[in-house]
Amino acid sequence: MTDMNLGQGAGADVAIPPKRAWLGLVSLLAIAGTQWWAVSNSAPDRDMGNLQKIMYVHVPAAWTAFIAFFIVLVASAMYLWKREEKFDLVAASAAEVGAVLTALTLALGSIWGRPTWGTWWTWDARLTSTAILLLIYIGYLALRAATDDAERRARWSAAVGILGAINVPIVYMSVRWWRTLHQVQSSPSTISSTYVDGLRLNALSMTLVLVWLILARYRAACLQRAAETASENAALGGRV
Amino acid sequence: MTVVFANEWTYIIAAYVVTWLGLGGYSIYLARLSRRAEQDYEAARSSGKGKS
Numbered sequence: 001m002t003d004m005n006l007g008q009g010a011g012a013d014v015a016i017p018p019k020r021a022w023l024g025l026v027s028l029l030a031i032a033g034t035q036w037w038a039v040s041n042s043a044p045d046r047d048m049g050n051l052q053k054i055m056y057v058h059v060p061a062a063w064t065a066f067i068a069f070f071i072v073l074v075a076s077a078m079y080l081w082k083r084e085e086k087f088d089l090v091a092a093s094a095a096e097v098g099a100v101l102t103a104l105t106l107a108l109g110s111i112w113g114r115p116t117w118g119t120w121w122t123w124d125a126r127l128t129s130t131a132i133l134l135l136i137y138i139g140y141l142a143l144r145a146a147t148d149d150a151e152r153r154a155r156w157s158a159a160v161g162i163l164g165a166i167n168v169p170i171v172y173m174s175v176r177w178w179r180t181l182h183q184v185q186s187s188p189s190t191i192s193s194t195y196v197d198g199l200r201l202n203a204l205s206m207t208l209v210l211v212w213l214i215l216a217r218y219r220a221a222c223l224q225r226a227a228e229t230a231s232e233n234a235a236l237g238g239r240v
Numbered sequence: 001m002t003v004v005f006a007n008e009w010t011y012i013i014a015a016y017v018v019t020w021l022g023l024g025g026y027s028i029y030l031a032r033l034s035r036r037a038e039q040d041y042e043a044a045r046s047s048g049k050g051k052s
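The listed protein sequences correspond, in order, to chains A and B.
Take 1 as the starting number for the first sequence in the working numbering and just add one per residue.
Take 1 as the starting number for the second sequence in the working numbering and just add one per residue.
There's no promise every hint is true.
[Unchecked claim] The following residues of chain A were derived to be distant from chain B, with all beta-carbon distances above 10 Å: (1) Pro-44; (2) Asp-45; (3) Val-100; (4) Trp-112; (5) Asp-149; (6) Ser-192.
[As the list claims (entries may be wrong)] Footprint (simulated), chain B over chain A, 3 or more residues, beta carbon under 8 Å: (7) 68-75; (8) 78-89; (9) 113-124; (10) 179-189.
In short, the hints are calculated from the structure, not lab data.
Even for Gly, the Cβ is constructed at its ideal location relative to N, Cα and C.
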C-alpha cells in the first residue's frame, strides 16, 4: 500500500500527505541532543539552583503550544473564508497537539512549582489562564467528536478555534497585567545570558517536534476522512 | 551564593521523564491512529470495489 494509492481514492478535497517518519526521527534526536547539551552545560542559577534546568522543557512546551494555537487561528479563519476541508483538518490537528503541549506545560510547571513555591498548584493568573486555555481546546475537541455532520463540525469548531486563540495573548501577558506568583515570561531578553543558547536550541528542537506532530496528526485526520468518504461511497453503490 | 533545593534532581528528572512520556505516548497514539485509519480506508475501498 502506498501513499499515492491512498490519496487517489480519498474523495474529499484533501490529498493524503506522505508519512515522513524521517522527520519524527530527526526531531526526536534533535530534542534529545539539545536537552542533553543544555542540562549538562548550564551552571546552577543563583536563586533557583539546578531547578533552572526545568526551564529547557517547560518554556519550549509553552511556546510551541502558543504556535499551535496560532495555527488553529489562521487555519480556522482560512476555512471560514475558503470553505476547504483541508483547513479544517489542519486546525483540528494543531488544536489537539496544542492541547497536549498545554497539558505538558502545566504538568512541568507544577513539578517546578513544588520545590520553588512550596505548592503543586495555586490559583495564580498565569496558571489559571493556562488551565482555561486547555479547557477551551478540550471543549473544541469534544465539540468535534460530538458533531457528525462534517460541514457543521468544521464551521462550529472554526468559531471556537478562533475565540479560543484570543486567550493566548491573555495567558502570555497575564504575568504583567496581574500580580502573580509566576515570574515574568522567560525569553532571551529576560533570562541570564548564560542560559540563552540552551533555551533557544530547545525552543527550536521543540518547534521541530511540533511540526512533525501536526503533520502526523494531519495525515491521520486525512486518512480518517478518506475512510469515511470511501465508506459512504461504498454504501451508495461502490462509487469509490 | 547559589541556592540548593532539597531533592532538586528528583524534580529535574521527573520533569524530563514527564516530557518524554508525554511526547512519546502521543507519538505512539498517532502511529496507531494512522495505522487503524489506513486499514479502515483500505477495507472501505475494497468493499466499494466489490459492489461496483
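Now for the hints, and whether the structure bears them out:
A cut-off of 10 Å between C-beta atoms contradicts the statement that Pro-44/A is not in contact with chain B; the least separation is 5 Å. With a closest Cβ-Cβ approach of about 7 Å to chain B, Asp-45/A is found to fall inside the 10 Å limit, against its non-interface label. The beta carbon of Val-100/A sits about 5 Å from the closest Cβ of chain B, which is not more than 10 Å, so the claim that it is off the interface is violated. With a least beta-carbon separation of about 7 Å from chain B, Trp-112/A fails to lie farther than 10 Å from that chain, contradicting its non-interface assignment.
For Asp-149/A, the non-interface assignment is confirmed: its Cβ lies about 19 Å from the closest Cβ of chain B, beyond the 10 Å cut-off. Remark: the non-interface label on Ser-192/A is consistent with the geometry, its nearest Cβ contact in chain B lying 12 Å away (cut-off 10 Å). Counting residues of the stretch 68-75 of chain A whose CB falls under 8 Å from any CB of chain B gives 0; the rule of at least 3 is not met. Using a Cβ-Cβ cut-off of 8 Å, 0 residues of the stretch 78-89 of chain A lie near chain B, which falls short of the minimum of three, so the contact claim is violated.
Coverage of a stretch by a chain is defined here by at least three residues with a beta carbon nearer than 8 Å to that chain's beta carbons; for the stretch 113-124 of chain A and chain B the count is 3, and the condition holds. For a cut-off of 8 Å, the count of residues in the stretch 179-189 of chain A with a CB near a CB of chain B stands at 0, and the three-residue condition is violated.
Checked against the numbered hints listed earlier, the structure breaks hints 1, 2, 3, 4, 7, 8, 10; every other hint is satisfied.
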